[in-house]
Amino acid sequence: MTSKLISMSVTETLAGLKNKDFSATELIKDHIAQMESCRNLNAMITELPEQALAQAAESDARIAKGEMRPLEAIPMAMKDLFCTKDIRTTAGSHILENFIPPYESTVSQKLKDAGTISIGKANLDEFAMGGSNTTSYFGPVENPWKSTTHPDKKLVPGGSSGGSAAAVASGMTMLATGTDTGGSTRQPASFCGIVGVKPTYGRCSRWGIIAFASSLDQAGAFARSVEDAALMLGTMAGHDAKDSTSANKKVPDFATLLKQDIKGLRIGIPKEYRVDGMPQDIIDIWEKGAAMLKDAGAQIVDISLPHTKYAVPTYYIVAPAEASSNLARYDGVRYGLRVEGKDLQDMYESSRAEGFGAEVKRRIMIGTYCLSAGYYDAYYTKAQKIRRLISNDFTAAFEKCDAILTPTAPSSAFAIGENADDPIKMYLGDVFTIPASLAGLPGISVPAGLDDQGLPLGLQIIGRAWDEVTMFRTAFALEQAAAFSAQPQLIKSVA
Amino acid sequence: MSIDKTTVSKIASLARIKVTDQDLDYYAPQLQNILDWADQLQEVDTTGVEPLANVSEIALTLREDKVTDGNIQPAILKNAPESVEGFFVVTKIVE
Chain A
1 MTSKLISMSV
11 TETLAGLKNK
21 DFSATELIKD
31 HIAQMESCRN
41 LNAMITELPE
51 QALAQAAESD
61 ARIAKGEMRP
71 LEAIPMAMKD
81 LFCTKDIRTT
91 AGSHILENFI
101 PPYESTVSQK
111 LKDAGTISIG
121 KANLDEFAMG
131 GSNTTSYFGP
141 VENPWKSTTH
151 PDKKLVPGGS
161 SGGSAAAVAS
171 GMTMLATGTD
181 TGGSTRQPAS
191 FCGIVGVKPT
201 YGRCSRWGII
211 AFASSLDQAG
221 AFARSVEDAA
231 LMLGTMAGHD
241 AKDSTSANKK
251 VPDFATLLKQ
261 DIKGLRIGIP
271 KEYRVDGMPQ
281 DIIDIWEKGA
291 AMLKDAGAQI
301 VDISLPHTKY
311 AVPTYYIVAP
321 AEASSNLARY
331 DGVRYGLRVE
341 GKDLQDMYES
351 SRAEGFGAEV
361 KRRIMIGTYC
371 LSAGYYDAYY
381 TKAQKIRRLI
391 SNDFTAAFEK
401 CDAILTPTAP
411 SSAFAIGENA
421 DDPIKMYLGD
431 VFTIPASLAG
441 LPGISVPAGL
451 DDQGLPLGLQ
461 IIGRAWDEVT
471 MFRTAFALEQ
481 AAAFSAQPQL
491 IKSVA
Chain B
1 MSIDKTTVSK
11 IASLARIKVT
21 DQDLDYYAPQ
31 LQNILDWADQ
41 LQEVDTTGVE
51 PLANVSEIAL
61 TLREDKVTDG
71 NIQPAILKNA
81 PESVEGFFVV
91 TKIVE
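Protein sequence lines, in the order shown, are assigned to chains A and B. Per the numbering used here, residue 1 is the first one in the first sequence, and the count goes up by one each step. Per the numbering used here, residue 1 is the first one in the second sequence, and the count goes up by one each step.
Hints in this document: simulated from the structure, not taken from any laboratory. Don't take every hint at face value.
As the list claims (entries may be wrong) - Calculated lysine-lysine pairs in the DSS-like style (CA-CA distance at most 27 Å, straight line):
#1 B:K18 to B:K5
#2 B:K92 to A:K425
#3 A:K342 to B:K5
#4 A:K249 to B:K66
#5 A:K342 to B:K66
Let the hints inform the model, and build the full structure from the sequences given.
Printed below as a string of structure tokens:
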């Protein structure tokens, strides 16, 4: 039988530790045991049991002395895109398979300083490029949820932070870091029935996060409740001199402020998010979500984001262009895989051919094409202009509302291998998360219900730039009303 | 815009990715499809619109020009595929 320690919230856990109901070592051991029993999900690239237990001993010593830190001994998974000092960091890629960073990312350092204990480096799509966690060099991650109609099918956890989402959903960890460039935290949260939040661009330092598309990349947080996610994000956020795009702004106390009621808040429903072919279950849950927020005292207003349909193609010019530039550093000279060649050029080309997977190569080539002489203005500058129009849409909409409610994704989790040969179909999975990313806005996915296959569906709340507080308040109200309590069968069967 | 095998070959060379003839057959139609799909952006009127590069509108700041780190040669070389006497080693490039 599995310990109940793996299904508690962060606040319950901290209270239990303080009260000596259980020790940090017991807590970490139970989570390591769950990680080991769920290895079939392939959620972790590198497990860190020894380090985790050593840290747990340190936590126990602190607790005994009454020196608990804010997130003392909270077990978490670190997406393998965050550089961790002296711990292998792969980005899910063959090219970084043996890379051991000599430094620690700012976000992972802050989490460590707050007392969290990372028990593993979580699997992800290669260089965070993908929406299903099937592009990892270390193999696909499996969603802990099973469809009730096709229980034999292995489902994707979403992506790119699929390992992180699967770890939290299966009780391996209480929290996990993600990153979110176009939906890579919010969409897997929706697929795995947990909370996933991406803050305003600039809220968290990007230093030490392996870069994909720098004008879009942000750190994200996964948890099983809105409050836990807020606690975690509050720890991760803040100015960092090492990232010139990180904002020198005070970080509000998200976890306290989210409990304010939402009476009088105006919640916008964008008509353009009602896309063709969206399953009825998702339309229904979206309408239910709006009704719940209305019951909680909010006012529902219709809004328009007219350039929504251009967001995904805009993203698939901007992000690959930035990726082609960012990934130029992997040349087999200073770190990473080297494949010898007859000359230097041949060494570069062979190393990159062998080191990168198909999706990464596809995006590098699209980006290279869009940035090449003669096409730069037609593709890249054009996309940047439309990015401005998309951002302006949100600015206009936020004159009529305080937060926006949308579905997180146009589907629930699909089977591993589905959509694999159709990149565009895969790209459209991020249709509701990409617009906020392009505009740099905060967004959170909250589990709101199950579809007709018994699979979780999330709703997304988008906030104004730097107004995560209103986003969290709305998310908390939605969470209270939706009272989502379903768990994947693998937890139910052992609890 | 037509993405034939010659174009893919040129892009791959610019991107320093070695491609086989089989790769060209694989990528050409895919890149063509993606770019055809992205062509819908051309229907948007962007006259007078400023390109958006920095969404946060945070002005980049300058720091004092002084060394904040250093003397970490072993750390820098630690992940090198090959290094000798404090240098990264690559294939001979001067005949």
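Tested hints:
{"no.": "1", "hint": "B:K18 to B:K5", "result": "13 Å, holds"}
{"no.": "2", "hint": "B:K92 to A:K425", "result": "45 Å, violated"}
{"no.": "3", "hint": "A:K342 to B:K5", "result": "24 Å, holds"}
{"no.": "4", "hint": "A:K249 to B:K66", "result": "25 Å, holds"}
{"no.": "5", "hint": "A:K342 to B:K66", "result": "41 Å, violated"}
Violated hints for the displayed structure, listed by number in ascending order: 2, 5.
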